[in-house]
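K.L.:
The chain contents come next:
Protein chains: 4
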Amino acid sequence: MAGLLRALALGLLLLPGAAMALDDEDVLAWLDREQEQYAALALALWDEAELGYLETESSGLLQQELAAADFRIETGVAGLPTAFVASYGSGEPVIGILAEFDALPGISQTAAPRREPHPDKHSGHACGHHLFGAGSTAAAVAVRQWMEANNIPGTLRLYGTPAEEGGSGKVYMVRAGLFDDVDSVLVWHPADRNAADIATTLANKSARFRFRGIASHAAVAPERGRSALDAVEAMNYMANLMREHMPQEARMHYVITSGGSAPNVVPDFAESFYYLRHPQAATLEQLWSRLLETAEGAALGTGTEMELEVIHGNHSVLPNETLASAMHRRLTMVGGVTYDAADLAFATELAESLASREADLAAAAARIEPMSLLQGMGSTDVGDVSWTVPTAEMRAATWVPGTAPHTWQAIAAGGTAIGTKGMMVAAKTMALTAIDLFLQPELLQAARAEFEQRRGTDFEYRPLLGDREPPLDYRR
Amino acid sequence: MAGLLRALALGLLLLPGAAMALDDEDVLAWLDREQEQYAALALALWDEAELGYLETESSGLLQQELAAADFRIETGVAGLPTAFVASYGSGEPVIGILAEFDALPGISQTAAPRREPHPDKHSGHACGHHLFGAGSTAAAVAVRQWMEANNIPGTLRLYGTPAEEGGSGKVYMVRAGLFDDVDSVLVWHPADRNAADIATTLANKSARFRFRGIASHAAVAPERGRSALDAVEAMNYMANLMREHMPQEARMHYVITSGGSAPNVVPDFAESFYYLRHPQAATLEQLWSRLLETAEGAALGTGTEMELEVIHGNHSVLPNETLASAMHRRLTMVGGVTYDAADLAFATELAESLASREADLAAAAARIEPMSLLQGMGSTDVGDVSWTVPTAEMRAATWVPGTAPHTWQAIAAGGTAIGTKGMMVAAKTMALTAIDLFLQPELLQAARAEFEQRRGTDFEYRPLLGDREPPLDYRR
Amino acid sequence: MAGLLRALALGLLLLPGAAMALDDEDVLAWLDREQEQYAALALALWDEAELGYLETESSGLLQQELAAADFRIETGVAGLPTAFVASYGSGEPVIGILAEFDALPGISQTAAPRREPHPDKHSGHACGHHLFGAGSTAAAVAVRQWMEANNIPGTLRLYGTPAEEGGSGKVYMVRAGLFDDVDSVLVWHPADRNAADIATTLANKSARFRFRGIASHAAVAPERGRSALDAVEAMNYMANLMREHMPQEARMHYVITSGGSAPNVVPDFAESFYYLRHPQAATLEQLWSRLLETAEGAALGTGTEMELEVIHGNHSVLPNETLASAMHRRLTMVGGVTYDAADLAFATELAESLASREADLAAAAARIEPMSLLQGMGSTDVGDVSWTVPTAEMRAATWVPGTAPHTWQAIAAGGTAIGTKGMMVAAKTMALTAIDLFLQPELLQAARAEFEQRRGTDFEYRPLLGDREPPLDYRR
Amino acid sequence: MAGLLRALALGLLLLPGAAMALDDEDVLAWLDREQEQYAALALALWDEAELGYLETESSGLLQQELAAADFRIETGVAGLPTAFVASYGSGEPVIGILAEFDALPGISQTAAPRREPHPDKHSGHACGHHLFGAGSTAAAVAVRQWMEANNIPGTLRLYGTPAEEGGSGKVYMVRAGLFDDVDSVLVWHPADRNAADIATTLANKSARFRFRGIASHAAVAPERGRSALDAVEAMNYMANLMREHMPQEARMHYVITSGGSAPNVVPDFAESFYYLRHPQAATLEQLWSRLLETAEGAALGTGTEMELEVIHGNHSVLPNETLASAMHRRLTMVGGVTYDAADLAFATELAESLASREADLAAAAARIEPMSLLQGMGSTDVGDVSWTVPTAEMRAATWVPGTAPHTWQAIAAGGTAIGTKGMMVAAKTMALTAIDLFLQPELLQAARAEFEQRRGTDFEYRPLLGDREPPLDYRR
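Quick note, the sequences are listed as chains L, V, F and B, same order.
Counting from 1047, one number per residue, gives the positions in the first sequence under my numbering.
Counting from 1047, one number per residue, gives the positions in the second sequence under my numbering.
Counting from 1047, one number per residue, gives the positions in the third sequence under my numbering.
Counting from 1047, one number per residue, gives the positions in the fourth sequence under my numbering.
If you are wondering where the hints come from, they were derived from the structure by calculation, not from laboratory data.
All values derive from a computational prediction rather than experimental measurement.
There may be inaccurate statements among the hints.
No copy is singled out in the list; a pair is fine if it fits within one copy or between any two copies.
What the hints assert, rightly or not - Below, computed lysine to aspartate or glutamate pairings styled on DMTMM-like, alpha-carbon distance capped at 25 Å:
1. K1167 <-> E1506
2. K1167 <-> D1519
3. K1167 <-> D1314
4. K1167 <-> E1355
5. K1167 <-> E1103
6. K1167 <-> E1194
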């Protein structure tokens, strides 16, 4: 992506555009014209597939694009080298758009509609964050054109938010106060549907529990050893017993990240990695205390030492019906994804590998889902933003209907026109919704009022991950 | 058993006997003559089959017999209603003979050579303590006759020791100082062999671990409950993990004595009952501390409370080669059990149910095993006596060769002539060994010297069960 | 309860009553007059507190009452000695009323408002089935008076259904076809509220899993033993792992009913008792198969043998909005429980021991709750009836508001006027609802139509407990 | 190591040597002269620190040395690229010497007497096999000189045996029949003592147990997942329960080599790696069957699939007192290691880090231990050789007394003169013992007779690892 050329391209557009007012149709038309450029940007990120806090190239490409459109870039914010805030305009209102760009480890795939791991990669955009980043950027640049053309007062901000996948990048940005003066935030996510819901998620918190014992030859002197793996298994045992005594909406899951090195040595180190979730942060914290006691009890009962490192923590998403309705109205106006014959052929082949199949794939991709109340069982660091600023989130059908996140099918479609078409649905909807927010102060006020009411009067934001420093090396 | 008639019977014997000295042969002859009487006494105990600390009848029958022979009886010693000390003579040396008489719960059998639970009983002499008690009494009365006849100075004591099976009766008697002035102790045990070995056992300690949680309807509100059964299982889990990290000679075993009352209620109470053993008391105490930590860790990790009650604790047996050799010499002189045709028929039929079969049952019952060094893996409260007084123990073939203790086969043979013949082998051997001890001060001195050397100079007796009161209701 | 005197008392009433028509008000008035008699009947059952399938006296008392009112009694139905069907009238429609009368083991209490276990009892009516039985009987007798007085055609049946608590008494009665010709069934349950809801429950199924291993002395030869308790714990372990992989609405809980007899013997027998529940019977059966595999896997992995006995199994309750609405209308007409000063004083003191307290206890007892959709997390054998006949169930405030079932507080209030007043609320509501059913064929038709629609066209009733014989000794 | 120069050096020696007979003293003198060369060879291997089946350089260096001394080299034997047999002479008797040369992964250290991981290495000779390989080679070349000089008939073989550490290299060589015609085998091992014992080891067998489940999002749809990690933990649970029911001499230990990849995904793959050991191969195989059932039971109980790969398996060492006595005599003649001031300074500093310290390090290094019966609790693939050929093994003090195998202290000393001095003790003792074997047919016959007697008449060799192909990539 040649930043300079892009700047010229944008400049040529902007010169005449500055002289005359732009309406919704102009914005949509501009995005249609730019579709190819942003598709290329998205695919460049898809190729990089950089992991959390290591997204140097991907973050840089987005920053180039925004800088070329005269955004002011502040980078390395909140102590996160790949985080940035790109701003345009000044004063109130302040409207934020979020852009993610990290990939997932351990899974790769080409843009083929059948399982075909990428020969050179160990990571992939299985959650579509390359589209997320490029699409949000497209929306931001479109709104910026509209603001200049129409002399709109206020500030537009594009937040480049790294490490959503297990890194809680946004939480550090919230904690650093970067959202304190924002009036509303718009965000989207790649999906297999087009929808703007009144949706929430589970608050979650994760930690690595590290146990240290005493090594000994496991055949010659096992009685002199104290097994750290025993402690990991004892903690797991008690955590599994705890399941029965948790509210049924809670979720707890773990892997053993270090289970000893050689069978003939009593392991003096072992580690497990736990996630714990619940719709309410307060309940989550209570459950967390109990989980901590399973770890302490395991250390006590196996003669080992335990220490834990909280890795990440996200609040649930606080929904905002006012904003969701506004977004849903615009999404309906924009419409869903239109498959051409090639898209349909791709989707049809890919759908053969899906567990739940949609009868009419093209119709499902084109459809806008009715707005609904939704308790998602996943988690996202958008949660912490949503308890700080009224936030609306939509989904666009960047994946073949029936596709689940974090699958090779998501990577595959994300590398094709299906992905970039879905991305443009999101870019358009977000741009038009942002325009509404700039033009309708009463909408911002209503959203704020609902936000205050939902949050409660005595709410005080506390990050679930506490005061830990960002785990910049968690993907190394 | 009519105590008065017995007294008369003994009296008739004693009157002339007092006038003339008795030698070894006379003692053996006396025991042969009395065999039927003592067999009847043993079978009376076999019929009662009373459990630990509840042996009122059994203890009473033995006391009657001893009182009829002019022993002075002190009963209810050491706070144990069924314990007693029967004494004859005065001054030094003091020679003790131990007599047990408690049965085992949960197993009953008639005197048949095939499995035939007793229709009216829930307990049985599966460890042969009825023979133990009656045989030791026979030996004591025989020695007493000899002492009077020969004007032997010194004191003979028969200790009636209740609740050997899990009740540690002798430990309370040792703790109360009842053995402090004794020079040597003789003891035997029913078995499938005739032997006097340099044998030791495992020290052991037991406790009930009681966990308390919070009851709740297990379907409606499991999240409000804290399961005490979870705690029991978590403790067991960590205890089982601990096995790998114990010396291989250690033994740990448990049952769950209370595992919740109804599945649809989260159990607010649960209990397990643990035994822990090791040849060395000091190592046992270290392992015990670790076991305690598994219980504490389980309580911590399951949100429950734990308390424990130590139930019993026995030291290992401290062997004494000097005394064992003396006893082995006498045992060899006395010889083993001689089967008649009926005995052999019974043994042959019973042996069909045994896992390990002896080719020539009659020969095995008649044989005296060579003296050997033996690490037994069981435990006995004779252990605590043996760290207080030089002690010798022998076994006599009261059971069909191949029979294990605590089996129906042991009950069965114990109710027949096989059992009482074996008992008389023990009674004779113990009587003759006691005579040796009275007559040979140098034997007592050598035994004491070996005892001091084995025990170590800085030895201080501490009961493994600590200062707890006797669990007089542990079998109710 | 003198049955003969009762018969005379009823007879005196009936003779004149037969001559003139009775309306709703007369029925209510009759029940008010009889309140004391039925309260006495209920308290007689409360005193007996008989356990499942052992309710000889309690069942007999109800039968006496019904026989005295000219019901035809068929007893010992479906192979259940304490089950009976009491019938009055003939022909269609057939309206059923259910009466339970079993108590719960392991909990007793006097009629005091503070914890006071009954000195002579080990069981108690902690689920209020004494009120259930007497109240339903009162309703049936009242309706029978009304039928005779008004020459109403059709059949009224009172089903005496034993062993609801874990015995699934009704399931055997359904399986035997005793409900096949019934048009509608009315039922109530003691509670801390007055309500008639569109409520369902969880289907459930229980079994005892019995494992057999090889006994061995746990210290001398543990390697020769195979522990049945190991198997129980291994099954529990895998069942607990399975929790994460069950739908969150599922419920699974267990106790260990036999955990070995003595620590020094490797247990050759051990048993656990499991309940498994889910809203859908089909899902429950799938989960059951997996639970079974944890048992089989545990036996395989521990070298033991497993066999299971299904103990009980109840379908979920199939709600019927048509009937629930009819019942709710009558309940609203009847009104709730009115506390006098003594009731309030009792309730106030008792409420101090409750976790969740109601601010105005008298108001809560008097209130009729709005009709609502309800997913109860408990289970009942009414479920199987409800998949066979359109069924309506109500609750009446027989307990102090805030009281949970299966608590001492439920026993206590059930032994006072609070309990019997609540019982009369139920008796009146059921009587009036039954009258509606006899008088309104269209109501029966609508209820049937809804029933068929909810059940599905290809429904085929299969008892979850299969073809097992009734476990008549499950409470011995 | 320049093979050609070495060849010349050896040649210069051999030319005159060929003309005159050599006696023991000449052999010892030759080894003293060559000490520096063989020390250099050992340190070259120490530097390489190549892992099992990857020892290309190390094997090559030993082959060069042997080829230069006119040994015939057959390489890549038994399908093992780094295995070789170097032969000299022909006909009977056939005397074998074993040479190992593989290092251990995960541990590195410089030649410093304090903990100092090697900056560039991830492996190290923590078991001293570099000395083993070079020392055995020195012995072989010395014997070959002596054979030629004295015209000794018979065959000398040096077996280059790779991958002793968990790779069971020798087992494949035994299985391929490479030892079938050998009369006796001599072997040594680096240690902290000088000793030739009548020693045995534990037979062992290892396998990786791989479980496959069904992946699912652990928060969104855990009920659709089947966790392979659950299966690993369930197997471990049952294996830990099995401990109580194994003979106490058995050893079982495991690590979890794959415990899931990310907490938010139900793991569809997990793996554990088990070792199981017992003094008797037959008992080991029985225990193995039971371990296998814990794995099968775990798969069944968790809804997963299991497969296992046996990784290695070694028989116990069959001792040979005849050969051990011969070796002990020669070892006593040769004497132990003599520390100079530098050695002692090194040993003294290093000993500060040892748990068990020797009072007089120099004396302990110089001492020859009395020959004793020894049940080692480790395992070695020398075991399989020892059931095929009468075998004698000695240890030499290449490590500071008090050092355990597989520690950094072993690597450190192995990189100094202490290591190479100890190596020469072994080289001299093995050379002289081999000479005895060539000169004393009666010694070979006696060793063979004892061997046959110990092995039993119906013995049939079966490798514990079955017919699997060598795991040539087990260390990649």
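K.L.:
Which constraints among the numbered hints does this structure fail? Numbers only, ascending.
P.N.:
Of the numbered hints, 1, 4, 6 do not hold.
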